[in-house]
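A.B. asks: Add chain G to chain W, keeping to what the hints say.
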Amino acid sequence: MLSRVTRLTSRTRQLDPGRILHTGSRAPQSVAAHLDDQAADDGPRAVSRTSEKDPARHGEQHEGLHYDIPLQDVGTLFPQSLPPRFSMQVKTFGEACLMVRKPALELLHYLKNTDFAHPAVRYVLYGEKGTGKTLSLCHVIHFCAKQDWLILHVPDAHLWVKNCRGLLPSAYDRTRLDQPAEASAWLKNFKTTNERFLSQIKVQGQYVWNKRESTERGRPLGEVVEQGLTRAKSATDAVGVVLKELKGQSRAGGFRLLVAVDGVNALWGRTTLRREDKSLVAAEELALVHNLRKMVRNDWHGGAIALTLSQTGSLFKPRKAYLPQELLGKEGFDALDPFVPILVSNYSPKEFESCVQYYLESSWLQHEKAHTEDGKKQLLFLSDANPGQLERLCAHL
Amino acid sequence: MAAPCVSCGAPLSYRLFLGGRVSFARRHGVWKAAAAELQIGAGSQILRLRHTTGVTTKKNVAALRRETYTVDFIKKQIEEFNIGKRHLANMMGEDPETFTQEDIDRAIAYLFPSGLFEKQARPIMKHPEQIFPKQRAVQWGEDGRPFHFLFYTGKQSYYSLMHETYGKLLDVEKRQNQLQAKGLFSENTKTKDLIGSRWLIKEELEDMLVEKLSDQDYAQFIRLLERLLTVQRDAEEEFVQQFRRSVTIQSKKQLIEPLQYDEQGMAFSTSEGKRKSARAKAVVYEHGSGRIKVNGIDYLLYFPVMQDREQLMFPFHFLDRLGKHDVTCTVAGGGPSSQAGAIRLAMAKALCSFVTEEEVEWMRQGARRGGSRWGRELSPRDLGTADHRPTRQGAEEAGPGGRPQEVHLEEALSAPTQAGRGDAGVCAHVRPTDGRDLPASVRACCGMVCF
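In the order they appear, the protein sequences are chains W and G. Per our numbering, numbering through the first sequence is continuous, rising by one, with the last residue being 397. Per our numbering, numbering through the second sequence is continuous, rising by one, with the last residue being 1451.
If you are wondering where the hints come from, they were derived from the structure by calculation, not from laboratory data. There is no bait here: all hints are sound.
Here are the simulated DSS-like pairs of lysine-lysine, each with C-alpha atoms no more than 27 Å apart in a straight line:
no.	chain 1	residue 1	chain 2	residue 2
1	W	Lys102	G	Lys1293
2	W	Lys91	W	Lys53
3	W	Lys129	G	Lys1324
4	G	Lys1075	G	Lys1212
5	W	Lys350	G	Lys1293
6	W	Lys369	W	Lys350
7	G	Lys1134	G	Lys1119
8	W	Lys350	G	Lys1324
9	W	Lys294	W	Lys202
10	W	Lys320	G	Lys1274
11	W	Lys369	G	Lys1324
12	G	Lys1293	W	Lys320
13	G	Lys1202	G	Lys1126
14	G	Lys1281	W	Lys320
15	W	Lys129	W	Lys320
16	G	Lys1293	W	Lys129
17	W	Lys320	W	Lys102
With the Cβ distance kept under 10 Å, some of the chain G side facing chain W (calculated, not the full set):
no.	residue
18	Ser1289
19	Gly1290
20	Arg1291
21	Asp1298
22	Tyr1299
23	Tyr1302
24	Pro1304
25	Met1306
26	Glu1310
27	Phe1316
28	Asp1320
A virtual CB, placed ideally from N, CA and C, is assigned to each residue, including glycine.
Bound conformation, chain W alone (with noise of 0.2 Å):
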């Protein structure tokens, strides 16, 4: 990365001399502290990242600046459940960097301000198609990690409520449905994010799976969730454990707990799965959507709860709906009220401005008018600053 970013500085030099004293801060090894002032004290020219990596030290000054993720914790945090795209660009650039931004700064000053003694805080991301929401739930996700706080996230509900395959009744309780499949995903990724946490905490039920084997109380969380990954007819009624044990052992205050859910709005929507009888299946008869409902409810405290609406992927709805109201229907709505909305937009003229300098500082934009102020123009304009608009586009030239 060094020999690139190297390449970089000779080239940027050319471009714009007034950058030579920011070349450095393009290796982030070095000289952080020093950079860090410098980040603040340039104006609204120029720079786009900043070498602040701990999230819990992001702060008004960095507004729009791109800090990155390292990327075994991106590995540890986010195994499958970054969204393609952006999963694409790690990849391409080999770093993950985000940018700060002002929902994601309101939102983790809530969390830094969080009284664990009251009922889990709903706060409700919401805002047009591609302004950010998800990605804005990462950066309170590596912040809570950063914390050492107990990360239930879950990348997408789309995903549980269309295109399974192989629906069963469920042990538990003949009217729902499992979903093996989704179930074991969601526990592998869950295991990855939080080994540390799965033999501290210690099981308070006694669980039976089957004839053969069963788990006695007391027994470390790590057993229940390897039961679910070896058995896949009990995935799905060993992300019920999970969830219920981690509820009621969240306000006993020896961890913090974060459930972080994209695309709620899943919860409480339609679904396009039928059963063998080509009956359509209700959200609620699916196990995996009743216990997370029943996670998002603020019956518990000791944790905090960030929820994102996604229009895309939703099933049923028309493009244009951005708001909870209409993403969420009245159902979902009542069952989230009362909730903290925050609403994401789209790139104010810095923050567009950083992101596309963020794009010429890794090579990606080749065109020869895509750094002159005419070009750049341009971008706004067909992008409409709308940053999912921006990286389809750029992707481009």
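C.D. replies: Here is chain G on its own, set in the frame of chain W:
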């Protein structure tokens, strides 16, 4: 030489018939329908109006010869047309005195609704002069002697016209010589206003003379008239004016909307645009940040496709005014692409008010600057494909910062319609695009810079 067509016994019923200039087949058989109609009421004009032509049962070879009508016949037709017109007016409840041809057309369309696609196949009722092709009356008398002295040239009207014109030319020259001899010749400074009119075209001349001409005949005649005018500009004005038709000059000037001011004192300008079946109205505000709202929805949401947003970008990009104006527009009809095109046109027109005259001209010339498919010169390479589209790789790049895809306001201002294609703007110069195409020997010896 042809006897008037009376054999079918129902010439009156021809008045209302299907088709424009139809060459009649001489019908010996009585049309059944015609007969029936006539039997019902020989004097009843109304029924005759209702008659539509039937189909002949027998095809007569002789009938393929051109039908000729006598003068009496035509006169009778005209009388009947007029009477029929009055009846029609009565039927429609309108005043017969002021019943115009448009009213007749409307009435016929109402009484005989037709779903035929070919407009000329629908029922019409027009003055006999427009229906029956103009024909010559018989050119010779009882004794077989032709009336006109030039009859045996074959083209008597043409030659008599040439004769007359030449006579006039000689007269004019004689007069001029006399004036010059007397010394009263004054340089005629009065220039005849020939602008805004053109000579007759060959078809029009043929119509006038009721005679077929050849191209050379026509050219000869025009040259003669030109010669007449060179001798004396205002010679025989009436005579010459017979052969000139006015050309309506289409005003190429773009109507520039004046600026209006709203309550806050912000200047704005409104205009409309259309493309295919989409109609758009745009209001462009002078100061703004580049926000565009379409039907109340942000343009990013209204046009998810990048191509449509590029269309919206072009007017501003061309004038370097990206991000300086706010726009609110409404659009209806058509699909997303045509709506985008319509809005683009409306915005371009509205921007004219904010922009100087030269820039308006520049916008109109925009297409010639290259980039636009329809306005620029096509290279021989482009002409290779059937629709002259460039087939190069990367020819369809996304707009931003692009190599000048200055598809522009010529197109934009005059609405990117089919007319753009056939315009004089498209000229295919077949010439080598670069020196490589010429043989080396030519290059070497001429030493020219070929381009």
